[in-house]
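S.K.: Chains as they are written, first to last, in our numbering: chain C, 1 to 154; chain H, 1001 to 1102.
Keep in mind that the hints were calculated from the coordinates and are not lab data. The structure displayed is predicted, hence computed values, not measured ones. Treat each hint with caution, since some may be false.
[Stated by the list, open to error] Label pairs and their calculated CB-CB ranges:
| hint | chain 1 | residue 1 | chain 2 | residue 2 | range |
| --- | --- | --- | --- | --- | --- |
| 1 | H | S1091 | C | V4 | 40 to 50 Å |
| 2 | C | A75 | H | I1075 | 14 to 24 Å |
| 3 | C | F133 | H | I1051 | 21 to 31 Å |
| 4 | C | Q52 | H | I1051 | 11 to 21 Å |
| 5 | H | I1061 | C | L141 | 16 to 26 Å |
Heads up, the beta-carbon is just placed ideally off N, CA and C, and yes, glycines get one too.
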Amino acid sequence: MDTVSLALIAMCCFAVLTAFAALFTKDTFYSALYMSITLVTIAGIYALNNIQPVFVLITFIFVGAIGAVTFALAAMYRDPRPKIQVDFVWFIPAIITFGAIFNAIFGFKNVSSAFTGSEVSAFVEKYAVFALFFFALAILLMLSVVKFVRREEV
Amino acid sequence: MMVYVTLVTSAAILLIAYVMAMSSKELVRLLISLELMFGAVFLALMPLFTIPNLTTQAFSIAVLTIFTSGGELMILIAAMVTFSKKFRSISTDDVVAGGDRL
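Isolated chain C (complex conformation):
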């Protein structure tokens, strides 16, 4: 097994461990911290496979923007006496579902494992109209959020 494969397995294990830490930690602030580490690790898996544009997008948007807002909210609404928020009964359907997914994933036999890089220029050339509509949609979405919050303030 080569170094990249070992690194990928290590990063996947680390991502699952930090996700578990986010679930089991008592304090919501630390939960947000572990969630950010999980997302950075997921972005790192993309970078490891030479897909840097997705790494940048996940890191900037999910960790840099939304992650920072989540941190702020978690710090603002921090419980002075934090308690563990895990309902262990929900692990039963989760484990059954994981078993079904695991079985389905290993049902596929002929899967290539060679990752190829991605080019932003090709995306922009091929999907220019898509990108344009997409940014228009994002602006409209944000405007509706601002309108919603302002209406609530009145």
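Assemble the complex: chain C is given as a structure, and chain H must be docked to it using the hints.
M.R.: Just chain H now, kept in the frame of chain C:
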């Protein structure tokens, strides 16, 4: 092999996030669980990048997913702040939808 590892990791993170969402008693924790779910979805997109003819399409799907989920989370954050202002609480016990208590 690497595709399998990625997909199994994605499924594991998704189910951890589901358990977290089901058990959460605060809206902040619900937000964190949603972000983890989206992280799992991003990881599930990885195998698309293994097909050389589909890398551009895979990248466009990734961009669409990242921005849509980002917008969705921003709306949830706005709703959470408004909820907090109105009810002076972020407890999920105070959330009502469609006349049913959640």
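S.K.: For each hint, tell me whether it holds in the structure or not.
M.R.: Outcome of the hint check:
no.: 1; hint: H/S1091 <-> C/V4: 40 to 50 Å; result: holds (45 Å)
no.: 2; hint: C/A75 <-> H/I1075: 14 to 24 Å; result: holds (21 Å)
no.: 3; hint: C/F133 <-> H/I1051: 21 to 31 Å; result: holds (25 Å)
no.: 4; hint: C/Q52 <-> H/I1051: 11 to 21 Å; result: holds (19 Å)
no.: 5; hint: H/I1061 <-> C/L141: 16 to 26 Å; result: holds (19 Å)
Of the numbered hints stated above, none is contradicted by the structure.
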